[in-house]
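Spelled out from the first residue to the last, the chains are:
Number of protein chains: 2
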Amino acid sequence: MRPITDEKLEKVVSFLDENKIDVLFIFDYENMKDINMQYLSGHPMDALVMVTRKGELFLSPWDVPLAEKYAEVDEIFNIYDYESSAAFYKFLMKEKFKKLRLTIGLNSNIPLSSYLQFKRMKPFVKVYNHPEKINRLLNELRTTKSAAELDLLKGAAEIGNKTILEIEKFAQNATDETEVDLDLKIRQTMLNLGAEDVAFPTLVGSTPRAHNLHCHPAASNAKFAVPGLAVVDFGARYKGYNSDITVPISFGELSEEQQKMRDLTQQAYDAALETLDIGVPLWQVHEAAVKVIKDGGYSMPHALGHGLGLTEHDAPILAGKPKDPKALKRWKEVKAENGMVFTIEPGVYKEGLGGQRLENDVILWNDKVEVITKSRFITV
Amino acid sequence: MRPITDEKLEKVVSFLDENKIDVLFIFDYENMKDINMQYLSGHPMDALVMVTRKGELFLSPWDVPLAEKYAEVDEIFNIYDYESSAAFYKFLMKEKFKKLRLTIGLNSNIPLSSYLQFKRMKPFVKVYNHPEKINRLLNELRTTKSAAELDLLKGAAEIGNKTILEIEKFAQNATDETEVDLDLKIRQTMLNLGAEDVAFPTLVGSTPRAHNLHCHPAASNAKFAVPGLAVVDFGARYKGYNSDITVPISFGELSEEQQKMRDLTQQAYDAALETLDIGVPLWQVHEAAVKVIKDGGYSMPHALGHGLGLTEHDAPILAGKPKDPKALKRWKEVKAENGMVFTIEPGVYKEGLGGQRLENDVILWNDKVEVITKSRFITV
Numbered sequence: 032m033r034p035i036t037d038e039k040l041e042k043v044v045s046f047l048d049e050n051k052i053d054v055l056f057i058f059d060y061e062n063m064k065d066i067n068m069q070y071l072s073g074h075p076m077d078a079l080v081m082v083t084r085k086g087e088l089f090l091s092p093w094d095v096p097l098a099e100k101y102a103e104v105d106e107i108f109n110i111y112d113y114e115s116s117a118a119f120y121k122f123l124m125k126e127k128f129k130k131l132r133l134t135i136g137l138n139s140n141i142p143l144s145s146y147l148q149f150k151r152m153k154p155f156v157k158v159y160n161h162p163e164k165i166n167r168l169l170n171e172l173r174t175t176k177s178a179a180e181l182d183l184l185k186g187a188a189e190i191g192n193k194t195i196l197e198i199e200k201f202a203q204n205a206t207d208e209t210e211v212d213l214d215l216k217i218r219q220t221m222l223n224l225g226a227e228d229v230a231f232p233t234l235v236g237s238t239p240r241a242h243n244l245h246c247h248p249a250a251s252n253a254k255f256a257v258p259g260l261a262v263v264d265f266g267a268r269y270k271g272y273n274s275d276i277t278v279p280i281s282f283g284e285l286s287e288e289q290q291k292m293r294d295l296t297q298q299a300y301d302a303a304l305e306t307l308d309i310g311v312p313l314w315q316v317h318e319a320a321v322k323v324i325k326d327g328g329y330s331m332p333h334a335l336g337h338g339l340g341l342t343e344h345d346a347p348i349l350a351g352k353p354k355d356p357k358a359l360k361r362w363k364e365v366k367a368e369n370g371m372v373f374t375i376e377p378g379v380y381k382e383g384l385g386g387q388r389l390e391n392d393v394i395l396w397n398d399k400v401e402v403i404t405k406s407r408f409i410t411v
Numbered sequence: 032m033r034p035i036t037d038e039k040l041e042k043v044v045s046f047l048d049e050n051k052i053d054v055l056f057i058f059d060y061e062n063m064k065d066i067n068m069q070y071l072s073g074h075p076m077d078a079l080v081m082v083t084r085k086g087e088l089f090l091s092p093w094d095v096p097l098a099e100k101y102a103e104v105d106e107i108f109n110i111y112d113y114e115s116s117a118a119f120y121k122f123l124m125k126e127k128f129k130k131l132r133l134t135i136g137l138n139s140n141i142p143l144s145s146y147l148q149f150k151r152m153k154p155f156v157k158v159y160n161h162p163e164k165i166n167r168l169l170n171e172l173r174t175t176k177s178a179a180e181l182d183l184l185k186g187a188a189e190i191g192n193k194t195i196l197e198i199e200k201f202a203q204n205a206t207d208e209t210e211v212d213l214d215l216k217i218r219q220t221m222l223n224l225g226a227e228d229v230a231f232p233t234l235v236g237s238t239p240r241a242h243n244l245h246c247h248p249a250a251s252n253a254k255f256a257v258p259g260l261a262v263v264d265f266g267a268r269y270k271g272y273n274s275d276i277t278v279p280i281s282f283g284e285l286s287e288e289q290q291k292m293r294d295l296t297q298q299a300y301d302a303a304l305e306t307l308d309i310g311v312p313l314w315q316v317h318e319a320a321v322k323v324i325k326d327g328g329y330s331m332p333h334a335l336g337h338g339l340g341l342t343e344h345d346a347p348i349l350a351g352k353p354k355d356p357k358a359l360k361r362w363k364e365v366k367a368e369n370g371m372v373f374t375i376e377p378g379v380y381k382e383g384l385g386g387q388r389l390e391n392d393v394i395l396w397n398d399k400v401e402v403i404t405k406s407r408f409i410t411v
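Which chain is which? The protein sequence lines are H and A, in order. Count along the first sequence starting at 1, add 31, and that's the number in the working numbering. Count along the second sequence starting at 1, add 31, and that's the number in the working numbering.
Do not rely on the hints blindly, as some may be mistaken.
The calculated DSS-like cross-link candidates involving lysine-lysine, where the alpha carbons are at most 25 Å apart (straight line), are [stated by the list, open to error]:
#1 K100/H <-> K150/H
#2 K399/A <-> K354/A
#3 K357/H <-> K150/A
#4 K254/H <-> K357/A
#5 K100/A <-> K121/H
#6 K150/H <-> K157/A
#7 K357/A <-> K121/H
#8 K357/H <-> K129/A
#9 K125/H <-> K381/A
#10 K357/H <-> K85/A
#11 K125/H <-> K153/A
#12 K357/A <-> K129/H
#13 K100/H <-> K381/A
#14 K270/A <-> K153/H
#15 K381/A <-> K216/H
#16 K100/A <-> K129/A
#17 K216/H <-> K216/A
#18 K216/A <-> K150/H
#19 K150/H <-> K39/A
#20 K157/H <-> K130/A
#21 K121/A <-> K357/H
#22 K157/A <-> K127/A
#23 K157/A <-> K153/H
#24 K100/A <-> K381/H
#25 K360/H <-> K193/A
#26 K150/H <-> K85/A
#27 K357/A <-> K127/H
#28 K363/A <-> K157/H
#29 K254/H <-> K150/A
#30 K150/H <-> K354/A
#31 K216/H <-> K64/A
FYI, nobody ran anything at the bench for these hints, they're computed from the structure.
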């Protein structure tokens, strides 16, 4: 399946036409990952996809049989059929693009070294001058999902939901088990449920580590069932699409302050969901949660949420307005709209007491807000 | 621990001085990974490290407490102490660099968008014109390892060696178990042995999938114990350093051709190790293995090996000379030298029959070649 819809692909082609770009080159390799390659072609990794001004899609993958299985493009080229990459490019210019000098578009996330290589081909290649516009266009297109993409995101959410039940069981029975043991249990559960991988390394923060923004390592050999407030942050990758869930867990009798941290997290989560609706600016949803936590005497050291899709950190972001006047000037308000999928994940943390974060994934569709994951506070 | 030695750091500082660069900026964030940040600072992720022409190391990490634990630098700056990143840079210019216009060095693997941002700061910032020289310098420094780094690489290898025994046991007892089951077993074994993570997604290729360069997904729900030739490619990450091992497994009675594939792999491996010695050009080691496989009527669809270190694909690469005359002109011969650590991994593959690859990690030290992992052919 090619994730991008025909309608959105047409927007890419119009952009190329308006800006007189003959062909867009999107690279995705080990040291220059670009999820837009998969978005435009359906091929999962390690390839160059080309979109021409005429609307053709060409793919030059490292692994041709893999591409034949996954890619939905007009033509697949085997680079090993050519003497060198220079010979391959020569062939493209002559036989496919039929031009002596080509205007190419590059995404602004390309490594500087690759950009400089293209600049050196000046006699044959002109690089379009505003690569950041290409990045912006592709990100905007990926910010809303198609019905087919939503189905896959729901699939990833469903695997997550079944895994929450296993986490609850594990927490209730945990005595000597470590954070790593839960990490392995979650992975096993999700892979057996059909996940192709975890969406990101599972973060298991028992009370002494749960206040960290980054647990490093993500799961340690520390015991899991420690009195206080713990978090488990995990997700499934299903047919390329990701879920992202945090389960907050209380172990044993909580102190007054720990109870307050937990209550504030719940109230901030409720405030965010009450504020969220089609057409509402996303910074207001963030601020609704932040206000609750601030009024309670804490601060939230991260954004309220982020988009989900082919990456576990897609657009949009649910964060406050920038404070810096210059940054504010460049900033663009984004409103909630149909097709968006993002996390809502307020949290309260304090070293020594642990941390709480309640994270669920929401879909906006048919003018409605639907929470598709089922995280909740677990008490042991 | 800061991985880079004082002696090598001095080379970076000399480079800055010779090229009149006031400060080198190395960024490592989610969408712009650069392992050199960790190499220069010891901090594991998500930070900007600065090396000044005077030899100072400054770090601006996303997670300050994490940096306080891991980084070995002169000063850590908390970006949240400043109103905006612009204010932080202003502070650095005025208080730390004491300059009105700064010449900065950027690594050529930086995203084009970040480079363009710095170019826009023209009144205050001049970007050094040859970013690819910075990349080359850092890669060269990382190509040979210090004694302290070798110890960590041996630690990662040792975890791998113990895991080989578990793989053998698993294979001998496998009936209905899937590729995913072995994936989980390997992860569990390595994490329990003290690995902080797997070095890369474990690739479990049972006979129907073992011919793939990429198994996608890396492990599937297919049964593992299928007659023929399978491969298991895995590694441990230990305190930041990686091992990389492939175990070739034969299930059941092999056909004549399968036996030949297996024998060729062993002979190619032996030929490579016989050729390898201090001072030998690495392309000759690659060619020694390729010749055996070619003379046997097969071709090897990948390079013989690659360096190991803070990444699972460090320099040097063990590959043939480029065939394209222009590429050959740019190419530089690399000879085996003390401090290098790399894989030797010849393989023979054929769809329907499966694949065999024997991969071990070698260290060059005290003018000797030492194989530090213990993969071998396993027969079930």
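Quick rundown of the hints versus the structure:
1. K100/H <-> K150/H: Violated: K100/H and K150/H sit about 34 Å apart, past 25 Å.
2. K399/A <-> K354/A: violated (31 Å)
3. K357/H <-> K150/A: Holds: K357/H and K150/A sit about 17 Å apart, inside 25 Å.
4. K254/H <-> K357/A: Violated, at roughly 58 Å.
5. K100/A <-> K121/H: Distance of about 52 Å is beyond 25 Å: violated.
6. K150/H <-> K157/A: Given that 25 Å is the threshold and the Cα spacing comes to 20 Å, the pair holds.
7. K357/A <-> K121/H: holds (14 Å)
8. K357/H <-> K129/A: holds (24 Å)
9. K125/H <-> K381/A: violated (35 Å)
10. K357/H <-> K85/A: With Cα atoms ~32 Å apart, K357/H and K85/A exceed 25 Å; violated.
11. K125/H <-> K153/A: Not OK: K125/H and K153/A at ~40 Å, beyond 25 Å, violated.
12. K357/A <-> K129/H: holds (24 Å)
13. K100/H <-> K381/A: holds (18 Å)
14. K270/A <-> K153/H: Between K270/A and K153/H the Cα gap is close to 45 Å, so the pair fails against 25 Å, i.e. violated.
15. K381/A <-> K216/H: violated (35 Å)
16. K100/A <-> K129/A: This hinted pair is violated, its Cα atoms lying about 29 Å apart.
17. K216/H <-> K216/A: OK: K216/H and K216/A at ~11 Å, within 25 Å.
18. K216/A <-> K150/H: violated (48 Å)
19. K150/H <-> K39/A: Since the Cα atoms of K150/H and K39/A sit roughly 32 Å apart, the hinted pair is violated (cutoff 25 Å).
20. K157/H <-> K130/A: violated (36 Å)
21. K121/A <-> K357/H: Holds. K121/A to K357/H sits at ~14 Å (cutoff 25 Å).
22. K157/A <-> K127/A: holds (17 Å)
23. K157/A <-> K153/H: holds (24 Å)
24. K100/A <-> K381/H: Between K100/A and K381/H the Cα gap is close to 18 Å, so the pair holds against 25 Å.
25. K360/H <-> K193/A: violated (57 Å)
26. K150/H <-> K85/A: Not satisfied, since the Cα-Cα distance of roughly 33 Å exceeds 25 Å.
27. K357/A <-> K127/H: holds (24 Å)
28. K363/A <-> K157/H: violated (29 Å)
29. K254/H <-> K150/A: violated (49 Å)
30. K150/H <-> K354/A: holds (24 Å)
31. K216/H <-> K64/A: Status violated; Cα separation ~29 Å.
In the structure shown, a violation is registered for the earlier hints numbered 1, 2, 4, 5, 9, 10, 11, 14, 15, 16, 18, 19, 20, 25, 26, 28, 29, 31, in ascending order.
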